[in-house]
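Respectively, the protein sequence lines represent chains R, P and B.
Residue numbering for the first sequence follows my numbering, starting at 1 and increasing by one per position.
Residue numbering for the second sequence follows my numbering, starting at 105 and increasing by one per position.
Residue numbering for the third sequence follows my numbering, starting at 209 and increasing by one per position.
Don't take every hint at face value.
[Claimed, not checked] With a Cα cut of at most 20 Å, we get these calculated EDC-like pairs of lysine to aspartate or glutamate:
| hint | chain 1 | residue 1 | chain 2 | residue 2 |
| --- | --- | --- | --- | --- |
| 1 | B | K286 | P | E208 |
| 2 | R | K78 | R | E8 |
| 3 | B | K286 | B | D241 |
| 4 | P | K182 | P | E124 |
| 5 | R | K78 | R | E32 |
| 6 | R | K21 | R | D74 |
| 7 | B | K286 | B | E240 |
| 8 | R | K78 | B | D301 |
| 9 | R | K28 | R | D65 |
| 10 | R | K78 | P | D197 |
| 11 | P | K182 | P | E122 |
| 12 | B | K286 | R | D33 |
| 13 | P | K132 | P | E175 |
| 14 | R | K78 | R | E20 |
| 15 | P | K182 | P | E136 |
| 16 | P | K182 | R | E104 |
| 17 | B | K229 | B | E240 |
| 18 | P | K182 | B | E312 |
FYI, nobody ran anything at the bench for these hints, they're computed from the structure.
Predicted, not measured: the structure shown is a model, and the values here were computed from it.
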Amino acid sequence: MSTPSPTEVTLVRIYLTETEKNLAHLLKYLHEDSQLRGVTVLRGISGFGKSGKLHTTHLLDLSFDLPVIVEFFDTPDKISYILTQINQFVAPDHIVHWTAYLSE
Amino acid sequence: MSTPSPTEVTLVRIYLTETEKNLAHLLKYLHEDSQLRGVTVLRGISGFGKSGKLHTTHLLDLSFDLPVIVEFFDTPDKISYILTQINQFVAPDHIVHWTAYLSE
Amino acid sequence: MSTPSPTEVTLVRIYLTETEKNLAHLLKYLHEDSQLRGVTVLRGISGFGKSGKLHTTHLLDLSFDLPVIVEFFDTPDKISYILTQINQFVAPDHIVHWTAYLSE
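If we strip away everything but chain R, and leave its shape as in the complex, we get (with noise of 0.2 Å):
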């Protein structure tokens, strides 16, 4: 049968910058209205896009627009429906998924 294992999860990782407006509005989606077990946010200390131009931060991370990237799991149904929702303001060539399990 094709049903999930419960221990089966879908792990997300969406990749942005702390200016992007788009942040905001995925971190209220996320909050708010996604329903998620939990969420984490991660700042990078460098990085670069498309653009080739360098984000980077020094001793006390007083640059600004580093890369975030925001970080979830749930069951592959939900994250399956959550992701159509994200698609909808978040380019989808910044959000990677992958098949995860929990330990129990």
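Given the coordinates of chain R, assemble chains P and B onto it according to the supplied hints.
Below, chains P and B alone, put in the same frame as chain R:
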């Protein structure tokens, strides 16, 4: 034969917050007893868990109880054993793992 | 047919520390020569490698030689080529990769 390829590893990510008591326990176990080849601890700048309560930071990382991710990888057999140990003091739905490959 | 789906990517994570000489070499290669669509560099707050020596930080991120993770993804073919290049200056057991999917 079911022996994994020598380059196959299991990658683990454990999601906690800075003030959870089991974080110190987990790091002590990983550092002193697990025989792992390496562990990385990452701190998020924002996040929320089941409670829906936001854990967030602003400039200079002065906030408290931020999300923390503990990440490590090793052979599937070693990770399988380590997860049985960690499951005794970390909630299983805070631990995800998947198969990855070394670049050999 | 074995052609990968257009949305399949290989995600790579490389584990180094801030003072390793090959970190600068790696970032220069990725930024100038790799033609990657994006790279993110994350700094851990603690970690240890084969030596068992802890690399850790406290308030305000003033410590030295913290763990650094370099992360990127692209098509399987491009990543396969890039890994052959990176293997020339980074130890293979510091590089993990797995298959993920774009949200398209």
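Problem - Holds or violated: K286(B) to E240(B), with C-alpha atoms at most 20 Å apart - result: holds, 15 Å
Problem - Holds or violated: K78(R) to E32(R), with C-alpha atoms at most 20 Å apart - result: With a Cα-Cα distance of about 15 Å, the restraint between K78(R) and E32(R) holds, given a limit of 20 Å.
Exercise for the section: Take a quick look at whether K21(R) and D74(R) sit within 20 Å of each other, Cα to Cα. Expected result: Violated - the C-alpha atoms of D74(R) and K21(R) are around 25 Å apart, more than 20 Å.
Exercise for the section: Given the hint that K182(P) pairs with E136(P), test it: the Cα-Cα distance must not exceed 20 Å. Expected result: The hint holds at about 15 Å.
Handout entry: Holds or violated: K132(P) to E175(P), with C-alpha atoms at most 20 Å apart
Key = holds, 14 Å
Practice task
With a cut-off of 20 Å on the C-alpha distance, tell me whether K78(R) and E20(R) pass.
Solution key: Violated - the C-alpha atoms of E20(R) and K78(R) are around 25 Å apart, more than 20 Å.
Exercise for the section: Starting from K286(B), check that the Cα of D241(B) is at most 20 Å away, please. Expected result: holds, 12 Å
Problem - Given hint D65(R) paired with K28(R) - CA-CA distance at most 20 Å - result: With a Cα-Cα distance of about 19 Å, the restraint between K28(R) and D65(R) holds, given a limit of 20 Å.
Handout entry: Pair hint K78(R) and E8(R), alpha-carbon separation not exceeding 20 Å
Key = holds, 12 Å
Practice task
With a cut-off of 20 Å on the C-alpha distance, tell me whether K78(R) and D197(P) pass.
Solution key: Distance ~16 Å between K78(R) and D197(P) Cα, so the pair holds.
Exercise for the section: Decide if the proposed pair is consistent with the structure: K286(B) and E208(P), CA atoms, cutoff 20 Å inclusive. Expected result: Holds. K286(B) to E208(P) sits at ~16 Å (cutoff 20 Å).
Exercise for the section: Given the hint that K182(P) pairs with E122(P), test it: the Cα-Cα distance must not exceed 20 Å. Expected result: violated, 26 Å
Of the numbered hints given earlier, the model fails hints 4, 6, 8, 11, 12, 14, 18; all others are met.
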